[in-house]
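Undergrad: Taking the hints into account, I'd like the entire structure generated from these sequences.
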Amino acid sequence: MSVLGTVSARPLEPVGSQILSQDGNAMVLSMGPQHPSTHGVLQIMLEIEGESVTKAEPEIGYLHTGIEKSAENLFWTQAQTVIERMDYLAPESNSLCYVLAVEKLLGITDRIPERAKQIRVLIAELTRVASHCVWLGTHGIDLGALSIFFYCFDLRENILDLQESTGGARMHPNYVRIGGVQADLPDGHLERLDALIEKFPARMRELRALLQKNPIWQDRTIDVGVVTPEQAVGWGLTGPSLRASGIAYDVRKAFPYSGYENYEFDVPKRTEGDAYARFVVRLDEMEEAMRIVRQVRKALRPGPTMIDDAKIAPPPKETIALSMEALIHHFKIVSEGFRVPPGDVYQAIESPRGELAYYVVSDGNNKPYRVRTRPPSMYNLQSLKGIAPGNFIADLVVMIGSLDPVFGEVDR
Amino acid sequence: MPPMAGSAIDPPSLRPPIDDAIIERIAPAQLRARLQALKNEGYAMLLDIGAVDYPQRTPRFDVVYHLLKLPPQVATPSEIGTPQRYRLLCGVPVENPMLPTVTDLWLSADWAEREVYDLFGIAFEGHPDLRRIQMPTHWEGHPLRKDYPLRGPARERSPRPAFANKSNLVAGTPPTGRTAQALQEQVARARRAQREGAEDHEAQ
Numbered sequence: 045m046s047v048l049g050t051v052s053a054r055p056l057e058p059v060g061s062q063i064l065s066q067d068g069n070a071m072v073l074s075m076g077p078q079h080p081s082t083h084g085v086l087q088i089m090l091e092i093e094g095e096s097v098t099k100a101e102p103e104i105g106y107l108h109t110g111i112e113k114s115a116e117n118l119f120w121t122q123a124q125t126v127i128e129r130m131d132y133l134a135p136e137s138n139s140l141c142y143v144l145a146v147e148k149l150l151g152i153t154d155r156i157p158e159r160a161k162q163i164r165v166l167i168a169e170l171t172r173v174a175s176h177c178v179w180l181g182t183h184g185i186d187l188g189a190l191s192i193f194f195y196c197f198d199l200r201e202n203i204l205d206l207q208e209s210t211g212g213a214r215m216h217p218n219y220v221r222i223g224g225v226q227a228d229l230p231d232g233h234l235e236r237l238d239a240l241i242e243k244f245p246a247r248m249r250e251l252r253a254l255l256q257k258n259p260i261w262q263d264r265t266i267d268v269g270v271v272t273p274e275q276a277v278g279w280g281l282t283g284p285s286l287r288a289s290g291i292a293y294d295v296r297k298a299f300p301y302s303g304y305e306n307y308e309f310d311v312p313k314r315t316e317g318d319a320y321a322r323f324v325v326r327l328d329e330m331e332e333a334m335r336i337v338r339q340v341r342k343a344l345r346p347g348p349t350m351i352d353d354a355k356i357a358p359p360p361k362e363t364i365a366l367s368m369e370a371l372i373h374h375f376k377i378v379s380e381g382f383r384v385p386p387g388d389v390y391q392a393i394e395s396p397r398g399e400l401a402y403y404v405v406s407d408g409n410n411k412p413y414r415v416r417t418r419p420p421s422m423y424n425l426q427s428l429k430g431i432a433p434g435n436f437i438a439d440l441v442v443m444i445g446s447l448d449p450v451f452g453e454v455d456r
Numbered sequence: 369m370p371p372m373a374g375s376a377i378d379p380p381s382l383r384p385p386i387d388d389a390i391i392e393r394i395a396p397a398q399l400r401a402r403l404q405a406l407k408n409e410g411y412a413m414l415l416d417i418g419a420v421d422y423p424q425r426t427p428r429f430d431v432v433y434h435l436l437k438l439p440p441q442v443a444t445p446s447e448i449g450t451p452q453r454y455r456l457l458c459g460v461p462v463e464n465p466m467l468p469t470v471t472d473l474w475l476s477a478d479w480a481e482r483e484v485y486d487l488f489g490i491a492f493e494g495h496p497d498l499r500r501i502q503m504p505t506h507w508e509g510h511p512l513r514k515d516y517p518l519r520g521p522a523r524e525r526s527p528r529p530a531f532a533n534k535s536n537l538v539a540g541t542p543p544t545g546r547t548a549q550a551l552q553e554q555v556a557r558a559r560r561a562q563r564e565g566a567e568d569h570e571a572q
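Listed in order, the protein sequences are those of chains L and X. So the first sequence is residues 45 to 456, counted in our numbering. So the second sequence is residues 369 to 572, counted in our numbering.
Hints were generated in silico from the structure; no laboratory data involved.
Straight-line distance between alpha carbons at most 35 Å, and here's what the computed DSBU-like set of lysine-lysine pairs gives:
id, chain 1, residue 1, chain 2, residue 2
1, X, K407, L, K148
2, X, K514, L, K429
3, X, K437, L, K148
4, L, K355, X, K514
5, L, K376, X, K514
6, X, K437, L, K429
7, L, K355, L, K161
8, X, K407, L, K297
9, X, K407, L, K429
10, X, K407, L, K99
11, X, K514, L, K148
12, L, K376, L, K361
13, X, K437, L, K297
14, X, K514, L, K113
15, L, K113, L, K297
16, L, K113, X, K437
17, L, K99, X, K437
18, L, K361, L, K342
19, X, K514, L, K411
20, L, K161, X, K437
21, X, K437, L, K411
22, L, K113, X, K407
These figures come from a predicted structure and were not determined experimentally.
TA: Structure representation (structure tokens):
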């Protein structure tokens, strides 16, 4: 693998006892929290021996905003607004997961209109592509590959345009709602989606051509940050990071939600478990995501996009001027929300980063009693403690990038 | 906060389970042995440890363990199928908020237990590095407890002239024991001190 002729074999095993026993040589180095390659505000306390990392202790919490506490003080629908801000690169997967959990508590999972389910899948998969675009662009920048960033962000911009046309906001459209989606897809949306589907394969070939066979890229990522299947399961890794270690656990296949069982897709997996494997798995995932998008596009049929239940979803705006009941329902839902029967539920979905789940408890009121997140980024990032020792400091940014943490979600 | 009409004191006990997990409730004394047994049964992944605060209930806290029966070896989606989920709820009394750690069984328990400790004040005996994880090191209180004010105790203490009257009238007497009147006096004192300070400055 020594393309440049200067690279020797890297010490992949944890540093042996002969190095650790040299007292007084270890240096403690604080990396971050404002380091450009930490993808946010992450501080890592490093113990280094020369260039090798002997211990890495990530310090998180710099972005803690108390979203779980805020959610307890908002109505069920309002809470979704703050929850969507956890994983700011894939906002719609947060709201989708929360909405599915609340729908289970309400007992309306079977009454969600088919078109709403299809649109949700469509949006979730587009979000996955957009999120992986950001990951790939920034991962490239970390390693000095600048051009890929522009290709990725161009593609992502197309998807954000689509998001903007659905909910009105580029980043946090809040389009998925309890009971369905906020409104039907606007005029012209599907034409733009078709254009994106048309554009995607060529753009994907470019992305692969830029990096996948690039010898420098391979040299930096192959055999760096190796995670064995045992370690991966022990650290609670999920998503692409787990599948790069050979365990093809995907919530969409194992616990299908929102109609994922109707679509055909493969679960990409590699067995090497290094940074390159995680990179390839995510690239493959982008293609699989677009494969699902194409199937949804074909399957889309006209129909209602919101549950027909005025106690949960406000009636259409145009009926307010005509019907007294519609006005009362609208007023009640906006001013005091709706009540959710008491109980607890654990709902998981496959977010771009892994198994994202909400453990939601309701005490029968119009506000969530407790919304506990299972943040995939946090558990993925935690594994850095296990995989960093024995690698070079320069490879640390490769490992952070390949785990793809989002700090809005790690710290909440 | 007084309970609103119709609010349940112990929601998880009221309803048959909605999701497909096996759900079990256990006492703290048996917790470790049970988790050890589950690990040996093949629950190799500890997905999450969360906690919920039920102030009206005894025991007050619930610590919730989510496990997944995922084999730690290379496997295809069809080999994995639908892995079994397991949810273990453990009631923790407020007088002795302490549970045994499981960091030696699952590596992922490390940060999860630190977060429960940080936000709920439930300690884990035997944890190698039990520090706050989200909040600053010297933070006061445990924010996700229900009796913790939304804006935090520091905000609660500092005078906020524009909102003081309104927010305190609406919320009643805050947990810190201050009344709206006391707050207004505090604000008046602060203003007086500021004014006098300015006059002194001018005199000089």
